[in-house]
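Chemist: As given, the protein sequences belong to chains A and B, one line each in that order. First residue of the first sequence: 1, per full-length UniProt numbering; consecutive thereafter. First residue of the second sequence: 1, per full-length UniProt numbering; consecutive thereafter.
It should be emphasised that the hints constitute simulated quantities derived from the structure, not laboratory data. Be aware that one or more of the hints could be misleading.
Each pair may be met inside one copy or between any two copies, as identical chains are not told apart.
Unchecked claim - Heads up, simulated BS3-like pairs for lysine-lysine below, C-alpha to C-alpha not over 30 Å straight-line: (1) K139 / K34; (2) K139 / K44; (3) K111 / K139.
Quantities reported herein were computed from a predicted structural model and do not represent experimental measurements.
Protein chains: 2
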Amino acid sequence: MKEFFCGTSEITGARFSIHPMSDRFVDIILSSLKETDTTKVWMKSDDVSTCVRGRSEHVFDVVKAIYLNASKGGDHVVLNATFSNGCPGDSAGDAFMAEDSILMNDELSQKINQEVATQFALYPLGFLGYMDVIIDQIKTVDQHGVFSGGVHYASRLDGDAKKVFAALESAFESARNSDSSHIVMTVTMSANSPSRKEGQ
Amino acid sequence: MKEFFCGTSEITGARFSIHPMSDRFVDIILSSLKETDTTKVWMKSDDVSTCVRGRSEHVFDVVKAIYLNASKGGDHVVLNATFSNGCPGDSAGDAFMAEDSILMNDELSQKINQEVATQFALYPLGFLGYMDVIIDQIKTVDQHGVFSGGVHYASRLDGDAKKVFAALESAFESARNSDSSHIVMTVTMSANSPSRKEGQ
């Protein structure tokens, strides 16, 4: 039995789940998958989550599109995702690294406007100076105009989902270029929350 | 604006969210909170997640009880949680470290039998030998009889929720005793999934 699978420094992967807080959750999830072009990533779903692997830009493109397609109907939908790059416990398979850089879902995603509240955390592994990488990347998301401050164990981002995803991808890519060879980023993103409406 | 808040080596914290895939999600979440004794932890909810902080045993006791109370009605409910201990970006406040060790929710939790499918990952930070800690703790969960193998970026646990929580807490506590001073553990736990039923 294999104990641990991850990726190489080239492969980016995301393990994520979409949670529509609705009796129609199965339909919402299946529809969002159907509307998303996943031809440039390896993808596998199980009963807990879905894993996509491939070139970093396609992994972000696919997760963003699936989430936007799931939330555009107005239901309260939460994304939980762990992005990973550079895990030493590599498996070379399950990667679509030969694809070009043209994003398959960008045109569709650009048409969907969705306010989201997000908490994310960055974990640069195997590197003593990991707190410096974290602090640098909080500056990166701040430059994108979506940083709303820190909470215990996470940083908060608010704004249009496309802008928030751009900030997250930018922080992840910058962290990959740091002295840490293995980067993990966790994201919890919430759309159409009734709590949010009450607070506004 | 503070950029990053975490805990000291004494304080354990968890940032988590409960996702009932049901139109009744607000009632399910509020009921589960009401039925759980949170007097021995600091707790704060926002529109994205809930944070609990305090002695490690009470943090696990409270997260477990809230999840069991939310899922016992048979709805498909998912827990997403990040447990953390030893973050250097400390804030001393928001901790209930003077409480005793008597668990406030254990009697209630012991009465609830709930099969769950879980994926978890351990991130020992600021430590070059982090992969050794991860591999050691996969052995720990295996000893609890709930380890089902590795998937990309995570390890899978199946069984009764109480056994799975015991394995997770054991792995987290053992990792705290490793040479890594800052331990993060992410958990995605699913109960009553229709996908699960179809697969069985």
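Chemist: If you check each hint against the structure, which ones fail?
Modeler: Violated hint: only 1; rest satisfied.
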